[in-house]
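**Student:** Given next are the chains, with one letter for each unit.
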Amino acid sequence: MKAVVAIAKHVSNADIDLPFELLSHMRRADDFIRLAVLSAFQAFDQRIEIPWESPERCGLILGTSFGPMQTNFDVLDLIVKGEQTSPTLFSHSVFNAAAGYLSRIFNLRGSALTLTDFAYPFFQALQQGCLAITSGQLERCLVLQVETYSELLQDARVRIYHKEAAGWPAGSVCWLLEREGICTSGGCIVDLLTIEGEAVEGGAYLGCDGLLTQNGQNIPMSDPLGAAVALTGIINKRENASCYDCRLTSSYGAVELSLRIQKSATGLYRDTAGE
Amino acid sequence: MGKWAVSKIAVTGCGCVCAAGVDTVSVWRALQDGTVNTQTAPGHLFPGKQNIPVFSVEGLVLPDFSEDVFPGPCSVKWNRTLALTLTAAAEAIATAGLSGELLREKRVGIVLGTTVGCTFHNETYYVDWKKGRNPGLDPVYRYLSANLAESVQGILGVRGPRLVVTNACASGTDAIGLAKMWLQNDLCDVALAGGADELSRIACQGFSSLMLTSHNPCRPFDAKRDGLNLGEGAGVLILEKEEQADARNGNLMGWVKGYGVASDAYHPTAPHPLGRGLQHAVRQALSDADVTVEDIAFINAHGTGTRANDIAETTALHALSFKGTAIPVISTKGVTGHTLGAAGGIEAVLTLLALNNGKMRGTIGCRISDPDLPVPVLAESEQAVLTGRIGMSQSLAFGGGNSALILEGCGL
Chain A
1 MKAVVAIAKH VSNADIDLPF ELLSHMRRAD DFIRLAVLSA FQAFDQRIEI PWESPERCGL
61 ILGTSFGPMQ TNFDVLDLIV KGEQTSPTLF SHSVFNAAAG YLSRIFNLRG SALTLTDFAY
121 PFFQALQQGC LAITSGQLER CLVLQVETYS ELLQDARVRI YHKEAAGWPA GSVCWLLERE
181 GICTSGGCIV DLLTIEGEAV EGGAYLGCDG LLTQNGQNIP MSDPLGAAVA LTGIINKREN
241 ASCYDCRLTS SYGAVELSLR IQKSATGLYR DTAGE
Chain B
1 MGKWAVSKIA VTGCGCVCAA GVDTVSVWRA LQDGTVNTQT APGHLFPGKQ NIPVFSVEGL
61 VLPDFSEDVF PGPCSVKWNR TLALTLTAAA EAIATAGLSG ELLREKRVGI VLGTTVGCTF
121 HNETYYVDWK KGRNPGLDPV YRYLSANLAE SVQGILGVRG PRLVVTNACA SGTDAIGLAK
181 MWLQNDLCDV ALAGGADELS RIACQGFSSL MLTSHNPCRP FDAKRDGLNL GEGAGVLILE
241 KEEQADARNG NLMGWVKGYG VASDAYHPTA PHPLGRGLQH AVRQALSDAD VTVEDIAFIN
301 AHGTGTRAND IAETTALHAL SFKGTAIPVI STKGVTGHTL GAAGGIEAVL TLLALNNGKM
361 RGTIGCRISD PDLPVPVLAE SEQAVLTGRI GMSQSLAFGG GNSALILEGC GL
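Protein chains in written order, with our numbering: chain A, 1 to 275; chain B, 1 to 412.
Be aware that one or more of the hints could be misleading.
[Unchecked claim] So the derived label-pair ranges between C-beta atoms look like this: (1) Ile189(A) with Ile368(B): 51 to 59 angstroms; (2) Thr213(A) with Asn185(B): 20 to 28 angstroms; (3) Asn185(B) with Ser251(A): 27 to 35 angstroms; (4) Arg133(B) with Ser251(A): 28 to 36 angstroms; (5) Ser222(A) with Asp290(B): 44 to 52 angstroms; (6) Pro51(A) with Gln244(B): 40 to 48 angstroms; (7) Val127(B) with Ser222(A): 24 to 32 angstroms; (8) Glu294(B) with Gly136(A): 21 to 29 angstroms; (9) Ser99(B) with Asn218(A): 38 to 46 angstroms; (10) Val80(A) with Ile368(B): 37 to 45 angstroms; (11) Asp226(B) with Val80(A): 23 to 31 angstroms; (12) Ser222(A) with Met211(B): 42 to 50 angstroms; (13) Pro51(A) with Arg104(B): 30 to 38 angstroms; (14) Ala241(A) with Glu242(B): 38 to 46 angstroms.
[Said to hold, decoys possible] Think about it this way: if two alpha-carbon atoms lie no more than 30 angstroms apart in a straight line, the pair counts; the simulated BS3-like pairs of lysine-lysine are: (15) Lys2(A) with Lys263(A); (16) Lys359(B) with Lys224(B); (17) Lys131(B) with Lys81(A); (18) Lys8(B) with Lys2(A).
Calculated from the structure, these hints are not laboratory results. Backbone N, C-alpha and C define an ideal beta-carbon position, used for all residues, glycine too.
Chain A on its own, in the form it takes in the complex (with noise of 0.2 angstroms):
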């Protein structure tokens, strides 16, 4: 049994205006948590509170490099001005109150982990997705990737590599994983994900040197959520191909992903409430 990717979903900053279906839910939500919801949102074909047959089997693992650092500071602002914290900011801050909301929102009660790491935070998450569907925990799985940097982080960058380098754009690609099986109209199925991180001097992570080869392309990463945004759009793009075979260099590691097209696809989305 292996798992499908089912969806695959990209946002950005600049997509961050709510539809009304969310705002209710969203009045005090940070950019983070707008951006990993609206994702969400997306892959689920613009619904909510769907009603799954077994929503305990339905779960999301969001893997993040830096996680709400700007809500942070947020907080951190009150706190140097010696001003009262507010509850609900500091709350957003915590890493995981985005996954909270994902849940809330889209009925998802199994797990709901949040991962971080600087090097592969999308293919942590995308591992320990396949892993809780091939293992049985769960049919369904969110996998996310979700950056928001902060200017404090941007300015770092730029004064690290003596060069005005343009800003990292924000925002959060989602997958939906579906268990072979269940996933009968479309989708690619992992059959090979490969994770190898090498100890490197932290400011490394900001120059962000990736470089991601797809079934013989090259394609430069420039940003963290670089890898995730290509590999998003190769599969939406669908070109002739039975696999998409990549592979993700650094200096901090290696990645190996392999996905195969179900012969079946008729598009990727198909309906994948349980009603």
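Got chain A; can you put chain B on it based on the hints?
**Tutor:** Showing chain B alone in chain A's frame:
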């Protein structure tokens, strides 16, 4: 979770550090003696005065690491969470009897939970940067070099999967559960798993803003409880496939039998009043361990000392047909404080110690158990002799996360 036709996961080492002590033996002794080391946050931890009691680790001295086990460069990477982690890891590796040579022959999985440990919280740098003073970048380098799992991997000089779980207060429990899954799916041969966290000003102020902190030593499950005390520490287990532990004649301390994880899907900070997610997580853990409620001889509850937690947790246990009169239910947070991402790691270690000792003292701080709790808990003045060697350690978290571990001791 489905049944695994794979190895049993043995615990061959454990290490623990918190306000109650800097190693497993001293923490266990403090728990039996009811030693409560709360104090207002010492000034060297972070700027600003806190008027709430905390459980801080005093006199934290890094162990004299042997170069055999810890060959990697580490001096520039120290931060307090990492120092706490390494203190517990050094004890765990030593009790497991693992040499550096053996570790470097194996695929060593490292999965650690934390909350504060993954944030950039150098206030001096932040304030200076905000004022445009162009501060030196060392704190940024330190932050980017301080991913817990990556740091420990580098210092040990080992290869294998690594991960930091940032699932708030359930992080340590989830880390141990994921390590079990890694071993059973052959992603690694040995796993170092648990949690670590240092005290921080943001956490102190944040929990206070939510009106969750007590101004006195916390009293989990007590009728007059009024909140939690934050703490810091680390708890680490060494896990191996049983056949490997047997083959090297490893120090068998018990087994991680089951893991369950589920979300409340209810509220950003409050638990579901019926403990909905916890019920599912426990059912999943019992199924994964292939045991029933009747097999459980001891429950180490999350037991923070907040009303919402204590009611939700015991309501879930009642719904699952656990009888507190037959099974001792306790919280260790009256002695450790709530160590956030470390809590699950520390509590897994203490659960295993209780199962191996065959007895457990009641919840320190709980003088009169709240009569409204659907399941009675063991009060401070009580002691239980355990009727079996299988127990459960459970965690609840912000965001509605719940996780549970089923552990089995092997006796002293």
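**Student:** Each hint should be assessed against the structure and marked as holding or not.
**Tutor:** Hint-by-hint comparison with the structure:
A hinted range of 51 to 59 angstroms for the beta carbons of Ile189(A) and Ile368(B) is consistent with their spacing of about 58 angstroms. The supplied range of 20 to 28 angstroms is met by Thr213(A) and Asn185(B), whose beta-carbon atoms lie about 27 angstroms from each other. For Asn185(B) paired with Ser251(A), a C-beta distance near 28 angstroms keeps the hint of 27 to 35 angstroms intact. Distance hint check for Arg133(B) and Ser251(A): the Cβ-Cβ separation is about 30 angstroms, which falls inside the suggested range of 28 to 36 angstroms.
Distance hint for Ser222(A) and Asp290(B): a CB-CB separation of about 49 angstroms, consistent with the stated range 44 to 52 angstroms. Against the hinted window of 40 to 48 angstroms, the Cβ-Cβ separation of Pro51(A) and Gln244(B) comes to about 45 angstroms, which satisfies the hint. Under the hint 24 to 32 angstroms, the C-beta atoms of Val127(B) and Ser222(A), about 30 angstroms apart, fit the expected range. The hinted window of 21 to 29 angstroms between Glu294(B) and Gly136(A) holds, with their beta carbons roughly 24 angstroms apart.
The hinted range of 38 to 46 angstroms is satisfied by Ser99(B) and Asn218(A), whose Cβ atoms lie roughly 43 angstroms apart. For the pair Val80(A) and Ile368(B), the supplied restraint of 37 to 45 angstroms holds, since their beta-carbon distance comes to about 42 angstroms. Between Asp226(B) and Val80(A) the C-beta distance comes to about 28 angstroms, which sits within the given range of 23 to 31 angstroms. Taken as a hint, the range 42 to 50 angstroms holds for the pair Ser222(A) and Met211(B), whose Cβ atoms sit roughly 44 angstroms apart.
Under the hint 30 to 38 angstroms, the C-beta atoms of Pro51(A) and Arg104(B), about 51 angstroms apart, miss the expected range. In this structure, Ala241(A) and Glu242(B) meet the distance hint of 38 to 46 angstroms, their C-beta atoms being roughly 43 angstroms apart. A C-alpha spacing of about 15 angstroms is found between Lys2(A) and Lys263(A), which places the hinted pair at or below 30 angstroms, so the restraint holds. Taken as a hint, the Lys359(B) and Lys224(B) pair is honoured in the structure, with Cα atoms around 26 angstroms apart against an allowance of 30 angstroms.
About 13 angstroms separates the Cα atoms of Lys131(B) and Lys81(A), which keeps this hinted pair within 30 angstroms; it holds. Taking the CA atoms of Lys8(B) and Lys2(A), the gap is about 23 angstroms. The hint holds against a cut of 30 angstroms.
Checked against the numbered hints above, the structure breaks only hint 13 and satisfies the rest.
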